Every structure is written in C-alpha cells, then in structure tokens.
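Participant: Chain by chain, the residues:
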Amino acid sequence: MKNTQNIETVVTNFFAGKRASIKTGEKLDKRIIDAALLAQKNLNKEQSAVSEPNIWRTIMKSRMIKVTAAALIIIAVTVGILQFGSGTVTWAQVIEPILNAQTIICDMIIGNDENNPSMHEIIVGSRIRRTMSNMPNMTMIIDLNSTSMLVLDSEAKTASYLDIQGDLRDRTQSYVNFLRNIITKMKDNPSIENLGEQIIDGHKAVGFTGRGPNEEVTVWADAKTALPIRIYLRVGQMCAILKNFELDTTVNDSLLSMDVPPGYTKKDTQFDLGNATEQDFVESLRVWARVLGDGTFPNAIGTENAMKEIPMLGQKLGELNLPEEQATQMGMAFGKGMLFHQIIDTRGDDWHYAGSGVKLGDAEKAIFWYRPKESQTYRVIYGDLSVRDVALENLPK
Amino acid sequence: MGRSVMLEDKLLVWKLKRGSSDALQRIYEKYKDDLLALAVSLSNDRSAAEDALHDVFVSFVRYANRLRLRTSLKSYLLSCIANRVRDMNRGRLSVTMELEQAEVVGSDCDEPLPAAISTELFGHIDKALAQLPYQQREVIILHLQSGMKFKTIAESQGVSINTIQSRYRYGLDKLRSILDGKVQQ
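In the order they appear, the protein sequences are chains A and B. All residue numbers for the first sequence refer to the numbering used here, where the first residue is 1 and numbers rise by one. All residue numbers for the second sequence refer to the numbering used here, where the first residue is 1 and numbers rise by one.
If you are wondering where the hints come from, they were derived from the structure by calculation, not from laboratory data. Note that this is a predicted model, so its numbers are computed, not measured. A virtual CB, placed ideally from N, CA and C, is assigned to each residue, including glycine. Treat the hints with care, since some could be wrong.
Stated by the list, open to error - Residues from chain A that face chain B, not an exhaustive set, calculated with beta carbons under 7 Å:
hint : residue
1    : THR12
2    : PHE14
3    : LEU37
As the list claims (entries may be wrong) - Far from chain B, some chain A residues (derived; all Cβ distances over 12 Å):
hint : residue
4    : ILE7
5    : VAL10
6    : ARG19
7    : ALA35
8    : ASN42
9    : MET108
10   : ASN112
11   : GLY125
12   : LEU144
13   : LEU247
14   : THR296
15   : THR377
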C-alpha cells in the first residue's frame with residue numbers, strides 16, 4: 001500500500017463488493033413496511049384528533065370563549081398578511097390568473113398538515129373576509145386600507161371593531177399582494193424549478209417552485225387552464241397551504257361590508273393589536289410553559305403549534321378558575337407573543353428554539369435566541385425568561 | 001447526487017408529509033439496501049443492522065412532518081443509520097470486534113463478489129477495519145462506502161470538518177499499516 005490513493009481505491013472496491021452482497025430480504029421488508037405504515041396510520045389519526053372541530057366547538061361554547069378568541073384572533077389576523085421579504089426567483093404562465101384576478105376565494109392552512117385548521121378567505125380589493133374552521137362562529141373582515149377589522153360573533157350576535165395599530169399597521173398587507181409581489185419579482189429568474197406533472201386533487205397539474213432569500217413558493221396549476229390548484233408557501237420557518245381556489249367569482253358586497261350587520265349589536269372590545277415586542281414574546285413563553293406545559297417549555301413553538309395549542313390553553317386556563325379578565329389577558333399575551341415570533345420569522349431574522357423539555361426557571365439553559373436585523377449580537381432568552389445580548393461565538397452549541 | 005434524484009426525493013418527502021403510503025414504500029425501496037449495507041458495516045452484526053434499519057425507518061415516518069432536510073434525503077437517512085448504530089453500540093461492551101471473532105459480513109449471501117477483489121484481501125480488509133477505533137472506521141465507511149461528503153458527515157455529527165478529515169486520515173494510515181503487515185506475511 002504505497003499511498004493514500006491506493007488504500008482508498010482498495011477499500012472503495014472492497015466496499016463496492018460488500019455493498020453488492022447485502023440486500024434486505026422479503027421478511028425484513030414486510031416487517032419494516034408494516035411497522036412504518038402502522039406508524040403513519042396512527043400519526044394521521046393523532047393529527048385528526050388534534051384538529052377535531054368538535055373540541056373547538058365545545059371550547060368556544062364555554063366561558064373561556066374570550067380567552068381562545070383573544071389568542072386566536074391576534075394570531076390569525078396577521079397570518080399571511082405581514083409584509084414579507086422580497087423574493088428573487090420566478091415562473092410565468094401559471095401565475096397570470098393569480099396576478100390578474102379581481103376576486104380570490106380560497107382556503108389557507110397554516111403548516112404542512114392538511115388536517116390543521118383552515119382559514120376560508122374571500123379577498124376583494126383591499127378587503128378580506130376570513131372565517132376559521134375551528135372558530136366557525138367568528139368572522140373577521142379586514143380592511144387593509146384603514147387597517148381595521150370587524151369581528152362578528154354569529155352566536156352572540158355581536159360585532160366589534162378593532163384597529164390594527166403601530167408598527168403592525170405599516171406591515172399589514174394582503175397575502176395575495178405578497179404572493180403577487182413575490183411572483184412578479186420571480187419573473188425571468190432561471191433558477192425556477194419545474195416540478196413536472198402530478199395529479200393534484202384529481203386534476204392533472206403542473207408545478208413550479210421559486211425561492212427567495214427567506215421564502216419558497218410552490219404553485220401547482222391546472223395543466224390545461226393554468227388556474228391555481230394549490231400553492232405551498234414557506235416564509236421563514238412558517239409554512240402554509242392555499243387550496244380550493246375560485247377566481248373572479250361574483251361576491252356579494254355585504255360579505256365584505258364593514259358595517260354592523262342587521263340583528264347584531266355593536267360591542268366595545270379592547271384588543272391590543274399594536275406593536276408586538278420581545279417582552280410580549282417572553283410573556284407568551286411564560287404562558288406556554290406555566291399553563292400549557294405544567295412548568296416545562298414545549299417541544300416546538302411558532303404559529304402552527306400555537307394555533308393547535310389554543311384549545312388546550314382555553315381548557316387549562318378554565319381549570320385554573322382565574323377571573324375571566326385575567327384569563328383573557330393571558331390569552332392575549334399568548335397571541336401577541338406569537339405575533340412577535342411571526343414578525344421575526346417572516347422578516348428573516350436568524351432564530352433558534354431550544355427550549356424542549358427545559359424547566360421554567362432554569363437560568364442556565366438558553367431556550368430561544370434570535371439576531372434582530374442589523375444587530376451584531378443575538379438576543380438570548382433563558383429558562384428563567386431573562387434576556388441577554390450574546391455574541392455569535394458565545395451562543396449555546 | 002443528480003438534480004432529478006433530489007427533485008424526486010423532494011416530491012416523495014412532500015407526499016410522505018401528506019400521509020402518502022406510496023411515497024413511504026417508494027422511499028424504503030429506494031434506499032433500503034444502502035441503509036442496510038451501512039448498518040452492517042458499522043455494526044458488524046446483520047441482526048443489529050436490521051433492527052437499526054427498522055428503527056430508523058419507522059422513526060423517519062413518525063416524525064416526517066417535522067422533517068426539514070438540509071441535505072439530500074439519502075444523506076439524511078444514512079446519518080440516521082450511523083446515529084442509531086452508534087447508540088446501539090453504546091450499549092455494548094466493545095465496539096471493535098476481536099480479530100478472531102471478525103467475520104466477512106454479508107458472507108451468507110449467495111451472490112458472488114467482484115473477481116477483482118481476492119477473497120484473501122477481502123478478509124484482510126475486513127479484519128483490519130474491525131481493528132480501527134470506531135470513530136475512524138465510521139468516517140471511512142460513511143465516506144468510501146456510502147459516498148457521504150466530509151461536510152455532511154461533520155454536520156450530522158456536530159463536529160468540525162477538520163475533525164472528520166483527521167479521523168479519516170488517521171484511519172486510513174492505520175489501515176494501510178495493518179494491511180502492509182498482513183500482505184507482506
């Protein structure tokens with residue numbers, strides 16, 4: 001064995017011979033495939049149970065309605081309507097209908113899981129009508145021009161006006177506009193990926209993926225008409241699925257009216273939809289650990305997880321028998337903290353969550369860190385919820 | 001790895017995340033032999049290797065929704081196998097097999113080996129590999145058998161690329177030294 005190349009060649013040949021001689025057998029294949037299919041089946045069941053709408057209905061009828069509504073509305077109001085970073089990639093034909101449609105109706109799911117709660121959206125100009133599958137009695141009508149929102153409760157027959165204030169007002173725009181912007185910017189970029197043809201929702205579809213610095217958009221469109229069938233969005237670490245599109249259908253004006261509907265009573269509601277701050281985020285982590293985790297931080301955070309946890313939040317706060325006002329404040333804190341997380345995620349800040357299994361109060365363990373844009377150092381949140389500035393080289397490994 | 005393979009894998013993972021059993025079976029069929037071969041080489045134990053393949057694949061399906069691939073699907077699965085075998089090895093008294101116990105793994109297979117490799121040299125290499133410290137043997141197997149890049153190995157093990165390259169170099173030096181002695185005898 002004279003040199004490194006020789007020994008590498010000999011050992012590589014040895015491995016090639018060995019590799020060719022090792023194969024799985026029929027019995028092993030069956031054992032593994034059966035176990036994997038069972039795991040997949042159980043997983044699908046668990047996911048269905050998590051998003052079971054009956055759980056939501058039960059909670060929404062309970063005294064904790066305000067808590068869950070507070071948290072969910074705060075999170076939901078900005079989902080998909082934050083101003084995202086600019087995209088740099090493109091494709092062309094299949095996105096023309098999206099660019100040109102006067103009205104768009106579709107469903108939006110947060111996360112990759114089709115079983116997650118969905119938001120039914122009707123978008124006409126600067127108005128969005130949003131209904132959530134897990135809060136069917138609540139309808140939100142958002143006016144992007146005045147950045148205000150009308151929340152209708154069809155059970156209580158109440159109507160509340162909310163203003164989107166502060167920093168959030170400047171950042172608010174339609175996610176359809178976002179989609180249009182990103183698609184427009186993607187034009188003429190050669191790095192667009194053609195995904196070929198697939199059967200999607202029973203239609204022969206063509207797919208394209210485009211990527212920006214902090215986002216990825218995949219469009220599956222009808223192979224004949226080029227109308228969108230599904231759109232997969234990833235912005236930061238948040239994913240969303242858009243489906244069930246109807247473009248340019250006639251929409252009754254009353255569905256998007258910001259007036260109180262006949263039979264509804266106007267109600268004053270104090271919802272803080274102003275600037276979401278790091279302190280809000282810290283408070284949401286406190287609620288997550290103390291109320292939801294019995295003193296332990298969760299396995300994962302983010303919009304998708306927060307939306308799934310809200311029924312449990314309502315239940316747990318109910319068990320604590322807190323005064324309704326206090327419980328509602330906690331619900332709002334949870335929602336607003338997650339709003340801050342949405343903001344740092346969608347603007348592309350580098351962030352990392354490491355709190356899984358960490359006990360609330362553990363001052364030694366860092367549970368979350370992020371680097372605000374333009375900052376040289378990271379903001380690190382520890383298990384005791386203290387926050388410090390830390391240089392990159394001193395971040396937890 | 002070719003662009004079309006990466007793209008196909010991406011689609012398979014995409015479908016798997018949406019509960020597709022076809023995608024699950026396709027991924028398994030596509031990589032099962034590579035994964036098993038790696039597990040056998042790392043563990044020197046066919047039975048343990050089959051358990052590792054089982055555990056890795058079932059976990060992969062169970063946590064597919066959380067999967068965020070930073071590398072190719074194949075590299076990801078190979079890294080999972082390496083991690084699983086390492087965990088299994090921790091439960092054993094000794095990772096390195098005694099020379100007299102070392103066997104030509106996979107020799108129970110009926111398929112002939114390439115003629116270019118003599119049975120004698122085959123046996124020498126197998127036994128020489130078994131004498132290497134586990135970390136060195138692991139990186140040689142991951143790189144030369146499974147074709148993983150040093151960078152990917154380093155990332156999957158949470159160590160620097162220099163560390164991985166050093167382990168590789170020391171391992172090859174030792175292997176050469178052992179084989180030189182054997183071949184000259």
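Participant: Taking 12 Å as the cut and beta carbons as the points, is A:THR296 off the interface with chain B?
Facilitator: holds (19 Å)
Participant: Take a quick look at A:LEU144 and tell me if its Cβ sits farther than 12 Å from every Cβ on chain B, holds or violated.
Facilitator: The claim holds: A:LEU144 sits with its nearest Cβ about 32 Å from chain B, beyond 12 Å.
Participant: Confirm or reject the statement that A:GLY125 sits farther than 12 Å, beta carbon to beta carbon, from all of chain B.
Facilitator: holds (33 Å)
Participant: May I ask you to check that A:ARG19 keeps its beta-carbon over 12 Å from the closest beta-carbon of chain B?
Facilitator: Answer for A:ARG19: violated, closest chain B Cβ roughly 5 Å.
Participant: If we take the beta carbon of A:THR377, is the closest beta carbon in chain B still more than 12 Å away?
Facilitator: holds (23 Å)
Participant: Does A:ALA35 sit more than 12 Å from chain B, CB to CB?
Facilitator: Violated: least Cβ distance 5 Å, not greater than 12 Å.
Participant: Classify the label on A:ASN42 as holds or violated, using whether its beta-carbon is more than 12 Å from each beta-carbon of chain B.
Facilitator: Answer for A:ASN42: violated, closest chain B Cβ roughly 8 Å.
Participant: For A:MET108, is the shortest beta carbon distance to chain B beyond 12 Å?
Facilitator: Nearest chain B Cβ is 16 Å from A:MET108, so the label holds.
Participant: Given A:PHE14 was flagged as interface, is its beta-carbon under 7 Å from a beta-carbon of chain B?
Facilitator: holds (5 Å)
Participant: Measuring Cβ to Cβ, find out whether A:LEU247 lies farther than 12 Å from everything in chain B.
Facilitator: Answer for A:LEU247: holds, closest chain B Cβ roughly 24 Å.
Participant: If we take the beta carbon of A:ASN112, is the closest beta carbon in chain B still more than 12 Å away?
Facilitator: Label violated. Min Cβ-Cβ 5 Å, cutoff 12 Å.
Participant: Holds or violated: A:THR12 as interface residue toward chain B, Cβ cutoff 7 Å?
Facilitator: Hint holds; A:THR12 Cβ to chain B Cβ min 5 Å, cut 7 Å.
In terms of the numbered hints stated before, the structure departs from hints 4, 5, 6, 7, 8, 10, listed from lowest to highest.
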